[in-house]
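Trainee: Sequence:
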Amino acid sequence: MPMIATGVSLMVRDNKLRPTVSRVLPLTHVAEMHQLIEAGHTRRKMVLSIG
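Be aware that the sequence shown starts at -13, since it is given in the numbering used here, and climbs by one per residue.
Don't take every hint at face value.
What the hints assert, rightly or not - Computed beta-carbon distance windows for the label pairs: (1) L34 with R4: 31 to 39 angstroms; (2) N1 with E24: 29 to 37 angstroms; (3) E24 with R(-1): 17 to 25 angstroms; (4) M(-11) with A17: 34 to 42 angstroms.
No wet-lab data here; the hints were simulated from the structure. C-beta: ideal position from N, C-alpha, C; glycine also.
Work the whole structure out from these sequences, hints included.
Mentor: Below, the structure is given as structure tokens:
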């Protein structure tokens, strides 16, 4: 498993792999994010920001 993580890290570093983020919400909106995911309103990654 460590070799896979290293490979993925290198691909991200070299811009060969880029996650597609649809939305960034503060941690205080975790319930809203959960509802969106459960309802199937997202196809891309969603990010909770801390701080």
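Trainee: Hints broken by the structure, by number, lowest first?
Mentor: 1, 3
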